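**Q** Taken in order, these protein sequences are the chains called X and E. Sequential numbering of the first sequence, starting at -17, is according to my numbering. Sequential numbering of the second sequence, starting at -17, is according to my numbering.
It does not matter which identical chain is used: a pair holds within one copy or between any two.
In silico DSS-like links for lysine-lysine, alpha-carbon gap of 27 angstroms or less: (1) Lys51 to Lys94; (2) Lys4 to Lys51; (3) Lys94 to Lys4; (4) Lys36 to Lys94; (5) Lys36 to Lys51.
Keep in mind the hints are simulated off the structure, nothing from the lab. Remember, predicted model here, so these are calculated numbers, not experimental data.
2 protein chains.
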Amino acid sequence: MARFDPPLDGAAQDETRDLRPKFDDDGLIAAIAQDVETDEVLMLAWMNEEALRKTMETGRATYWSRSRKTIWVKGESSGHIQEVADILVDCDQDAVLLKVRQHGGACHTNRKSCFYRRLEGSGTVLSFTGPDR
Amino acid sequence: MARFDPPLDGAAQDETRDLRPKFDDDGLIAAIAQDVETDEVLMLAWMNEEALRKTMETGRATYWSRSRKTIWVKGESSGHIQEVADILVDCDQDAVLLKVRQHGGACHTNRKSCFYRRLEGSGTVLSFTGPDR
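Can you build the whole structure from these sequences, using the hints too?
**A** Right, here's the structure in full:
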């Protein structure tokens, strides 16, 4: 597998037209999945070099599981795959934004999005959003 | 400063109505900022316990800078503050989604969003999005 080019310094990294992902000390970048049709933020996950490469090559969102320490094709067992319509990178390229067509729920709880609870007022109480529960 | 309650195990964490942020080994959670009006994803940053607490208390997005190792009130020097309209947490509470009213550009390059480049086709060439550059 070809390696990605290394990150550049400062503003050069912000303005380069080359993909130069900036993996952290654990070899990871953050990956946000957003529904390409509704713009709903679905989940946040992690990618190592292989996961990013596979996502680019297959068009299916593929992540790195920090807890299981393994590559993970999203929806491989549940069928809740993410077809990747677009991949955007942020200024210093330590995060990517995937615009995806989500099949079924993105969340392992079967909800559409993992972000199904919001903070109430100024306290630490959460309320559930959405119609499902 | 009061501590947050500790995370629960498995499904209990997914369904609790208590804010129980799951900080990683570096004491951090990921924070996505999304424009509350346009649903555009603006940036990804990090929060430690103090940053999350300050965000909740002040209604201004406050992050932890991994490079500078310091608390950072977004827009403190640039004026490009983020008024927090809503805070959502994900299933295992290791990420938060801030719905914000963004003043000026969210990105340090002055662009509205940090995600201003997309991957072209299947290669590693990036193209710039948006009208600004």
